[in-house]
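Undergrad: So the protein sequences, as listed, match chains A and B.
Numbering-wise, the numbering used here puts 187 at position 187 of the first sequence, and it's gapless, one number per residue.
Converting from the second sequence to the numbering used here requires adding 311 to each position, the first position being numbered 1.
Just so you know, the hints here were simulated from the structure itself, not pulled from any lab data.
Keep in mind the model is a prediction, meaning the values are calculated, not measured.
Watch out, some of these pointers could steer you wrong.
[Claimed, not checked] Here chain A is said to cover these stretches of chain B; the calculated rule only asks that three of the stretch's residues, wherever they fall, bring their Cβ under 8 Å from a Cβ of chain A:
#1 398–407
#2 458–472
#3 695–709
[To be verified] Far from chain B, by Cβ distances over 10 Å, these chain A residues were calculated:
#4 11
#5 26
#6 79
#7 85
#8 97
#9 114
#10 155
#11 227
#12 264
The beta carbon of each residue, even a glycine, is placed where N, CA and C say it ideally should be.
Read off the chains here:
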Amino acid sequence: MTATPAIAVSGLVKTFGPTRALDGLDLTVNTGEVHGFLGPNGAGKTTTIRVLLGLLRADAGEARLLGGDPWRDATGLHRRLAYVPGDVTLWPSLSGGEVIDLLGRLRGGLDPKRRTELLERFDLDPRKKARTYSKGNRQKVALIAALASDVELLLLDEPTAGLDPLMEAAFREIISQERSGGRTVLLSSHILAEVEALCERVSIIRAGRVVESGTLAELRHLTRTSISAELSGPPTGLAELPGVHDLQLDGTRVHLQVDSDKLDGVLRQLTAAGVRTLTSRPPTLEELFLRHYQADEPAASGNGRRQEVAR
Amino acid sequence: MTTLAGTRGLIRLILRRDRFLLPLWVLVLALLPIETAAGINQFYDTPAALRELYGTITGTPGLLAMLGPVFGATLGAITAWRAGLVFTVVGLASLLTVIRHTRSDEEAGRRELLGSTVVGRNAPLTAALLVTLAADLVLGAVLAAGMVGLGLPATGSVAYGLSVAAAGWMFAAVGAVAAQLTDGAGGARGIALGALGVAYMLRAAGDTGGSDSGVGWLSWLSPIGWAQQTRSYADERWWVFALVVALVVLLATVAFALLARRDVGAGVMAARLGPATAAAGLRSPLALAWRLHRTALIAWTAGLALMGALIGSVADSVKNMASESSQLKDMLERLGGEKVLSDAYIAGAMVIFALAAAGYAIQATLRLRTEEEGLRAEPVLATSVGRVRWAFSHLLFGLLGPALALLVAGLAEGLVYGLVVGDVGGEVPRVLAGALVQVPAVLVLSGIAMALFGLLPRLASVSWAALAVSAFLVLIGPLLRLSHWLLDVAPFSHIPKVPGADVSATPLAWLLGIAVVLAAAGLAGFRRRDLVSTA
Chain A
1 MTATPAIAVS
11 GLVKTFGPTR
21 ALDGLDLTVN
31 TGEVHGFLGP
41 NGAGKTTTIR
51 VLLGLLRADA
61 GEARLLGGDP
71 WRDATGLHRR
81 LAYVPGDVTL
91 WPSLSGGEVI
101 DLLGRLRGGL
111 DPKRRTELLE
121 RFDLDPRKKA
131 RTYSKGNRQK
141 VALIAALASD
151 VELLLLDEPT
161 AGLDPLMEAA
171 FREIISQERS
181 GGRTVLLSSH
191 ILAEVEALCE
201 RVSIIRAGRV
211 VESGTLAELR
221 HLTRTSISAE
231 LSGPPTGLAE
241 LPGVHDLQLD
251 GTRVHLQVDS
261 DKLDGVLRQL
271 TAAGVRTLTS
281 RPPTLEELFL
291 RHYQADEPAA
301 SGNGRRQEVA
311 R
Chain B
312 MTTLAGTRGL
322 IRLILRRDRF
332 LLPLWVLVLA
342 LLPIETAAGI
352 NQFYDTPAAL
362 RELYGTITGT
372 PGLLAMLGPV
382 FGATLGAITA
392 WRAGLVFTVV
402 GLASLLTVIR
412 HTRSDEEAGR
422 RELLGSTVVG
432 RNAPLTAALL
442 VTLAADLVLG
452 AVLAAGMVGL
462 GLPATGSVAY
472 GLSVAAAGWM
482 FAAVGAVAAQ
492 LTDGAGGARG
502 IALGALGVAY
512 MLRAAGDTGG
522 SDSGVGWLSW
532 LSPIGWAQQT
542 RSYADERWWV
552 FALVVALVVL
562 LATVAFALLA
572 RRDVGAGVMA
582 ARLGPATAAA
592 GLRSPLALAW
602 RLHRTALIAW
612 TAGLALMGAL
622 IGSVADSVKN
632 MASESSQLKD
642 MLERLGGEKV
652 LSDAYIAGAM
662 VIFALAAAGY
672 AIQATLRLRT
682 EEEGLRAEPV
692 LATSVGRVRW
702 AFSHLLFGLL
712 GPALALLVAG
722 LAEGLVYGLV
732 VGDVGGEVPR
742 VLAGALVQVP
752 AVLVLSGIAM
762 ALFGLLPRLA
772 SVSWAALAVS
782 AFLVLIGPLL
792 RLSHWLLDVA
802 PFSHIPKVPG
812 ADVSATPLAW
822 LLGIAVVLAA
832 AGLAGFRRRD
842 LVSTA
């Protein structure tokens, strides 16, 4: 692994009038990794990417992209990266094939073999005029143009938002290949399963600030394990144990979450009541995510009600 | 009826979206004839003067071709004639409004969002038509009230207001049909504008000979002709309105029938497939800009060339008119030019060309803003294309496009006029010079648009206000005897009246300099600013 990270952002601030879109954002993406950039709509993912592309100028903080300044060295850096916007709009009178070629050439050339391969993989008719494409197909055009370019870094902003599950699977497969090919990818998404499947490291952004960053294993370590058990008799004292959350008691059936470093105490209490069945599950990214986002919501926890954040 | 469900909500949505635009064109188009009437009333304040003016107009085919027939020697009839372009412009505004709220929405995908709510299949078209027709009626009512306020006969004023509204109605219906034909708003606008252009040309050709000529029937092939043939203030022919209503009903029926046959998003004309790979040349921002601008460039150039040919063909007849019509001579000389009346007529018409070219200049330059707002600038600027290079690729069309259109228009006008007077070699350079001296003033408008785009992107559309103010000052200003200080604000006021006057380079150089400074400021501003999208 090389010394300089592909993306190094620290203390980034960007305001639009009264709204503070980025509020001291830090983000590091190492060369060669697929980095998940997680957050709900409006958290600042797209703003961050636009700053990295030199489309917006940061108000404060520092951003380095492939060792250069994203604002000053924009055109030089753009030769080495490809970008897929979250909201792909194309020129209505151009065909998909024309857009792919145009964007590829403006970036400095694209691999015709890879282009054909990707067209087939994504099942896209390149002869159709862009105005007739659905959202998903417009996204495919941008994806193919990006993936067929020979670049070091891919900036993907919610690239699968309009794709059907089949195409999403194709996308995952292709990104896995890219990863083994050594390309760096920043994948902004709010689809947790996608990030969990593809990314080595994850940064979670909330209200313009990265609130959690690390490998999936590291993040899990910081969080809760979820436990379901059927006991011989009713348990006692579970609610008083430190680190226990979302406790649900239904006679002899127990469901709870526990901070990973307090696991031991809970297990003791359960075995004391006699365990018939026990399932323990490491926290999913979704739970991790919800924990950060539910912090503002009063009294949402306790009854274990789940919020469907991701799809 | 379920196919109309949600129409009321859509009407409110249209009114909300157009809360500035709609009142603006309604008021401007209503005030224009009222202003005109006030102006004519001031300068031709006796029946004798009006009779003389009437004689002059009827003896001048060029004027009849440009503005339409004149049906009486009264203030009302002459006003209706003088403001004759209003019939065309209200048609333009109406068809654009209908297409904007039907096909444009469909193309942008907004229609889909609405379609999934409780909105019937016919509701969007119905709502767009109802709003437009109502706006036309309001326009007619304001106009009629204003004319009555000036002391004109009530019957004639009502007929006049209705006739202007009628022109709007017919072209709103034309727009409704055009919106069903193609799958792109650009194509739909092209078809509807083509119909409007043909209607104008037919009327112009039919009216050249005055009321008794053998070609008068041509005007009856044109909806604009119908609107004028209602003869407001001159023995009104109310039955013509029955024709108008019949045409509107017919076109609307066709539009709804087509709508019932097609899918949302699709046009009646099948979308053609494009190439699977891009041509070898499509590899630069300029090549992309050419693809995006070429239709407009060709359309504007052809439109101005046609107008040039038309004016060239009638310019000679201006000088043949009755020599005692000193009033018109005065009027034309106030519009521009010193020597021969034909020259004055050609030079006066050049101002109209220049204003049209300036409209194109702003439209082409503001394509930058359209691309930025439509998020289509982003993918290009995320490649190795620098900001200045991208902006310049579009700005080039904002600068050279109108210049080319004026060049071709001047050539066409000079050629036709030269053929008529039998001196092609002599007239082409004179008329062409008249067209080309307008270029620096037109470029100032491109510069204003570029400067606003670069420095104050959210106010970019203020460029249109700059054009409106310029047009008002240069067209109406002299009639209102506004002070020179005020008139000089309009770049077009500094252009010599060619052919006829001498050309001095100083004002032209100044205008060019101002245009360059504005454009450079815009480019520099754009280099420094954030990309602004509404999304």
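Undergrad: Against this structure, judge whether each hint is valid.
TA: Verification of the supplied hints:
1. A stretch counts as covered by a chain when three or more of its residues have a beta carbon under 8 Å from one of that chain; for the stretch 398–407 of chain B and chain A the count is 0, and the coverage is violated.
2. Counting residues of the stretch 458–472 of chain B whose beta-carbon sits less than 8 Å from any beta-carbon of chain A gives 0, not enough to reach three: the coverage restraint is violated.
3. Counting residues of the stretch 695–709 of chain B whose CB lies closer than 8 Å to any CB of chain A gives 4, which reaches the minimum of 3, so the coverage claim holds.
4. Once the 10 Å rule is applied to beta carbons, residue 11 (chain A) is consistent with being away from chain B; the minimum gap is 19 Å.
5. With a cut of 10 Å on Cβ distances, residue 26 (chain A) stays outside the contact zone with chain B, its closest approach being about 21 Å.
6. With a least CB separation of 4 Å from chain B, residue 79 (chain A) falls inside the 10 Å interface cut-off, contrary to its annotation.
7. Chain B draws residue 85 (chain A) into its interface by the beta-carbon criterion, the shortest separation being 6 Å against a cut-off of 10 Å.
8. Not every CB of chain B lies more than 10 Å from the CB of residue 97 (chain A), the least distance being 4 Å, so the non-interface label is violated.
9. Under the 10 Å C-beta cut-off, the non-interface status given to residue 114 (chain A) relative to chain B holds; the minimum distance is some 14 Å.
10. Look at residue 155 (chain A): its CB is around 8 Å from the nearest CB on chain B, not clear of 10 Å, so calling it non-interface is violated.
11. The claim that residue 227 (chain A) lies off the interface holds: its Cβ sits roughly 42 Å from the closest Cβ of chain B, which is beyond the 10 Å cut-off.
12. The beta carbon of residue 264 (chain A) is kept farther than 10 Å from every beta carbon of chain B, the shortest such distance being approximately 50 Å.
Violated hints for the displayed structure, listed by number in ascending order: 1, 2, 6, 7, 8 and 10.
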